[in-house]
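Using the sequences provided together with the hints, build the complete structure.
There are 2 protein chains.
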Amino acid sequence: MNMKSKNKNYYAILMAGGVGSRFWPVSTQDFPKQFHDMLGTGETLIQKTFNRLANLIPEENIFILTNERYNDLVFEQLPSVTERQVVLEPAMRNTAPCILYASLKIQKENEAAVMIVAPSDHWIEDETAFSDNVKTAFDYCESNDALMTLGIKPTFPNTGYGYIEYDKASTTEIKSVNQFREKPNYDTAKSFIDQGNFLWNAGIFMWSAKTVISAFKNNQPELFKLFENGFSVYNTEFEEDFIKENYPKADNISVDYALMEKSENVFVIPATFDWNDLGTWGSLYDKLDKDDAENAIVNSKVLAEDASGNMIRSRKDKIVVVDGLKDYIIVDKDEVLLIFPKSKEQGIKQVLQNVKANFGEEYG
Amino acid sequence: MNMKSKNKNYYAILMAGGVGSRFWPVSTQDFPKQFHDMLGTGETLIQKTFNRLANLIPEENIFILTNERYNDLVFEQLPSVTERQVVLEPAMRNTAPCILYASLKIQKENEAAVMIVAPSDHWIEDETAFSDNVKTAFDYCESNDALMTLGIKPTFPNTGYGYIEYDKASTTEIKSVNQFREKPNYDTAKSFIDQGNFLWNAGIFMWSAKTVISAFKNNQPELFKLFENGFSVYNTEFEEDFIKENYPKADNISVDYALMEKSENVFVIPATFDWNDLGTWGSLYDKLDKDDAENAIVNSKVLAEDASGNMIRSRKDKIVVVDGLKDYIIVDKDEVLLIFPKSKEQGIKQVLQNVKANFGEEYG
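Protein chains in written order, with our numbering: chain A, 477 to 840; chain B, 477 to 840.
No lab work stands behind these hints: they were computed from the structure.
This list has only true hints and no planted wrong ones.
Pairs count within a copy or across copies, as identical chains cannot be separated in the list.
Below, a list of computed lysine to any residue pairs in the SDA-like style, where the Cα atoms sit at most 20 Å apart:
hint	residue 1	residue 2
1	Lys794	Asp506
2	Lys792	Glu838
3	Lys792	Glu811
4	Lys720	Glu559
5	Lys802	Asp782
6	Lys777	Phe835
7	Lys766	Asn834
8	Lys659	Ser730
9	Lys809	Lys832
10	Lys686	Glu587
11	Lys794	Ala833
12	Lys629	Asn673
13	Lys794	Gly840
14	Lys792	Glu837
15	Lys701	Tyr723
16	Lys777	Lys825
17	Lys825	Asp782
18	Lys794	Glu811
19	Lys725	Arg569
20	Lys832	Arg791
21	Lys820	Tyr662
22	Lys832	Glu781
23	Lys794	Gly836
24	Lys666	Gly636
25	Lys818	Asp799
26	Lys794	Lys825
27	Lys766	Asp799
28	Lys792	Gly836
29	Lys777	Gln829
The following block contains the structure:
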């Protein structure tokens, strides 16, 4: 798509401050998941996400929300991005404060802005379908006071995601949301699937700057006031001092809790693309091509004997000889080798804690 | 021991030209086993062997027999060694040609020389006992026309070693040898053990320069003539050209076959030290200290859960997290990771062939 054909009012806020510790040892505090080429495609997840958004949104309108420690990684991996586009959190907070802050900056720059907020570390199969869904939402947000989200059609009763219930009677593409539901237990998740009008919450939101700021004002007046106070200095040389002083005062709440669960004007579009949050080694395994023995291999040159169902990753072209392992995660990086059953993948966070406790914080 | 107290007639020939491919991926053609710190002691095997010999033998009389490609490694790891002490094979041959060649060089330098020929990649526990055994042999060789060897008391019917049968009636420390036996089958090995007068052949030989050269002359007249022809140029600037031209013509035979199996004046001293040829990952495992779960660990920082009996090696201080593996060889180096059952360790040579065939010769 030609740059000129992109709507100058379209903006994106790319969430890139998380760590993804279940992907240890590849994902670490110094070098988290979104900055890795997890799929072995030649692009890191943030590069893939940026390029996907850039199909619809002018590159210079894509803002990266991240932590100071990842500043260099952002500029290295997204060389077209300028300092203006990188919004740094001076303190670790959940999503609401940084989204409000970035939205105010964008509104000050362009009062007519509509924007998407999206994670930087998910996998989306059909990029055209993604763009179409976002475009539909943007069109609606331009003329309606709407908080919108893309919901993923659930394929099984996953207890690790939040769910979005929409109006069952709706026959239009854009559906009114009844409620957001936190991670359910298995039976509840199963009933959601059976009811047919529940979607997975993928953390993808769309709205106009005007609407989201107004929603913050109504639902989170204190938080709103904290950041609204700085409006005059945003996008100026005085912004940094203001943010350093005030950001740490912000409540540590998610945008789901702060806005979506409390508002009436919430809408969802059931996504028409295939999605995976790449939340664990197992979900990455599911997305990757497999060899004849169902081993998923990223970067490695593997010689496998009597070894099947394994998720194998190393640095590029490393030889991995494996004999006799089934359904293992085998991940090698310079300073760490992990050989771990896939069935215990939720335990990797604990392993990381044990490694840090035994051998030092530098390994996390 | 003080330098001055060492006998200037004592010499050593350290065999350091082999590859040890069952220790792949650590041992490779470019960087074989003897140049690695296999035991994690801070010294490579050749350094340990050199220092062990230097307890009895003047350092400048220890010659290193190796291949041209390992020249730099020798000087790097044995910085006191000079060019005079490094004898390079211009072609890959079994042990007889290079031992004859080195013996002639030593005889030319010192007609009264007695010498030990020893592998550079074995493990010996009690260095004092080793020196005592060698000293006993040297004393005997100085006044007798004897080809001597140290034999290891067998602990089980190993079918991977050659055996030495000595005169059962002998009550002295030095025993006359009846015969050398190639690697036996299991039943034969068992009968050797039952008979009580069989020892493992560790490839450690002692003799005077005069005796070994005379033995070559009698038993291998052609080989003797080939190298004797160069006697006038040895230890001069013309030696290299002569050897480059003539060495490739030498028969590819072992010193066991060329001399020991054919001679009458062969004697053995049953070793009084504990020995291990470190021939496989399993034999290295046997020699190493174990953690509570019987894991043997070299260099790695290991976090093991439900993992026992494993041989784990990586570069220094690499974290290795292993969950659920039993009796595995887990060896990691920069370009190769091996995860392989200990019970199949004899298959590692074949794995190496497969890796080279699939991914290139550079991995061997």
